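**Q** Those sequence lines, one after another, are chains A and B. For the first sequence, counting from 1, position 11 maps to 11 in my numbering; every step adds exactly one. For the second sequence, counting from 1, position 271 maps to 271 in my numbering; every step adds exactly one.
Derived from the structure by calculation, the hints contain no laboratory data. Model, not experiment: these values are computed from the prediction. Here a beta-carbon is modelled for each residue, glycine too, at the ideal position from N, C-alpha and C. Wrong hints could be hidden among the right ones.
The calculated lysine to any residue pairs, modelled on SDA-like cross-linking and capped at a C-alpha distance of 20 Å, are [claimed, not checked]:
{"hint": "1", "chain 1": "A", "residue 1": "Lys24", "chain 2": "B", "residue 2": "Asn52"}
{"hint": "2", "chain 1": "B", "residue 1": "Lys167", "chain 2": "A", "residue 2": "Gln25"}
{"hint": "3", "chain 1": "A", "residue 1": "Lys24", "chain 2": "B", "residue 2": "Glu179"}
Which residues of chain A face chain B? A few of them, derived with a C-beta cut under 8 Å, are [to be verified]:
{"hint": "4", "residue": "Gln25"}
{"hint": "5", "residue": "Glu26"}
{"hint": "6", "residue": "Val29"}
{"hint": "7", "residue": "Lys31"}
{"hint": "8", "residue": "Ser32"}
{"hint": "9", "residue": "Gly33"}
{"hint": "10", "residue": "Val58"}
{"hint": "11", "residue": "Gly108"}
{"hint": "12", "residue": "Lys140"}
{"hint": "13", "residue": "Met141"}
{"hint": "14", "residue": "Asn142"}
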Amino acid sequence: MHFHFLKFLVISLTVTVFAACGDKQEVTVQKSGKRHMGQQSAEVSRGGISWTTPAGWVEQTAGQMRLATYMVADKENQANTAEAMVVLLGGDGGGLVANVNRWRGQVGLKPVSAGEIKKSSQSTKGKAGQVLWFRIINKKMNRGILVSIIPLPNRTAFVKLIGHADVLSKNEEKFLELSKSVEGVSQKGHDHP
Amino acid sequence: MSPNTILEQLKKYGEIIADIRIFFFTALWLMVLTVAGTLAQRYVGLYQAQMNYFSSFIMWAGPIPLPGGYFTMTVMFFNLLATVIFKLPRWRIHLGVIITHIGALLLLIGGVLTAVYSVEGNMVIDEGKSADFFSDYHRVELVFTDTSPKDFDQEIIFSQGWLEPGKKIQNSSLPFQVEILNFYQNCTARQLSTPATGDLRGMARFFSISELPPAKEDNTNRSCVEYRVSGAGPQMDGRYISVEFVDQPQLISVNNVAYVPTIRSARHHVPFEIQLIDFQKKNYAGTQMASGYKSVVNIIDGQLRQRVEISMNQPLRYKGYTFYQSSFREGGIQETTVLSVVKNVGRHFPYISSIIMTIGLLIHLLMHLPKLFRDEGENKNDSP
Chain A
1 MHFHFLKFLV ISLTVTVFAA CGDKQEVTVQ KSGKRHMGQQ SAEVSRGGIS
51 WTTPAGWVEQ TAGQMRLATY MVADKENQAN TAEAMVVLLG GDGGGLVANV
101 NRWRGQVGLK PVSAGEIKKS SQSTKGKAGQ VLWFRIINKK MNRGILVSII
151 PLPNRTAFVK LIGHADVLSK NEEKFLELSK SVEGVSQKGH DHP
Chain B
1 MSPNTILEQL KKYGEIIADI RIFFFTALWL MVLTVAGTLA QRYVGLYQAQ
51 MNYFSSFIMW AGPIPLPGGY FTMTVMFFNL LATVIFKLPR WRIHLGVIIT
101 HIGALLLLIG GVLTAVYSVE GNMVIDEGKS ADFFSDYHRV ELVFTDTSPK
151 DFDQEIIFSQ GWLEPGKKIQ NSSLPFQVEI LNFYQNCTAR QLSTPATGDL
201 RGMARFFSIS ELPPAKEDNT NRSCVEYRVS GAGPQMDGRY ISVEFVDQPQ
251 LISVNNVAYV PTIRSARHHV PFEIQLIDFQ KKNYAGTQMA SGYKSVVNII
301 DGQLRQRVEI SMNQPLRYKG YTFYQSSFRE GGIQETTVLS VVKNVGRHFP
351 YISSIIMTIG LLIHLLMHLP KLFRDEGENK NDSP
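Construct the entire structure; sequences and hints are all you get.
**A** Below you can see the structure in the form of structure tokens.
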């Protein structure tokens, strides 16, 4: 009887070992909402501001603090990419010197003084008024940031393009077009009981 | 072999499997697993303890393989089944016991259905927006998104079962092949001081990944996958990495079509939409601490538009899915509700089996009461 019992246990164990093999391998092809914008530019209104997305910038998942995130690729060498984002913060968004030095740190550059920040700033006119912008490049890493600051009533919008330096130089004009297109829109409020 | 011989052999093996000692030891082992798993939970977290001790066929105590929860309950199931078939043939006498055994078998069957078919996750909806999927708490998927269609994105999704080193992914919707090099349930990504060269592409040129032990809270694990792409052309072929929760820009472009690779929580689609009309929160007087909150939603199912409220004690049950108000996010652009979603086809089995076992025990008791009173009466007559 013990021999038959052992046979039962061995068979059970063998069956369960095979049954225990691996996760299911499934492949699904499905449609989803247009999250990744294609080749055409588009007017976007979100979170109380509006802007025009440049053609060829591929939208990705935005994230909690960003209104939009885009991927930008170098057409000649699509392995080189950069990421653009539109962010809206209350007040002045943390202060110019602090923000610029934080951005410098993101591409591996050391902080600089307020005087040097002022010298490196550039200005252009957009729909919401004066747009202050910076070109921050780490030549050793071949990476950089283009960032613009758009003051709005009680808020500040930021447009940031960070990534491969070649992508930045080829998309600087599109970056500035987007920055100049930013303007505030009226926002519908709602009250909770 | 004649049918009678086969039946005799079956009965012989059936009686061996129906040995009550099997039930005794499997029940005892389940108690050991429960204690060990409960203690281990403190060190490895709830999810890992469940996977190691209960949702496993084999549990490793160092180098020693031991029966896990699944194996133990499988043996118990066959033991109970064999008992009903081979050891309780006289249903008039054993009716109550048979019913109780059937109740126990149903409980185990419900457990199998839950283990195999249930899914759970969370659904995050911004105010004014709608969602038709929820994200799995534990599983991830590797997705290549074809951005070329004008009005939609086409996702080619590979479940976690594909994410094992050496596995090769190929699909007619993808113009390139993918070979998985590494998959980490939990990892960290470190930014490189200078871009890497060689065959590293996309995010892999600027970040390196390394494995971490699984976190105690499973939802804080960040999965990473390293893979090799081939057949996409010399500029695109190479090694890539994708890191969960990190949206670094990278794409694989073939014939001017951009494919965006992403690793994300596995998504389960529901056959309807939930639209968040309003998220409402009440605070304790004079504080910012929530005393209660609820989501006012629309169920959009074809032509149906049904407005319902989901709150802490009032989940929404619709088409086999249950939506619980789990938490919320605020401080961003708008308020966001987080709903826990569960689909469990075995959810009624514990109730049904408990009722059946109770009925079985009552029948057994009632059938034996006359004998019990009769025996008591005889004992009284015998006493001096």
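**Q** Against the earlier hints, flag every one the structure doesn't satisfy and list their numbers going up.
**A** When the structure is compared with the hints, none of them turns out to be violated.
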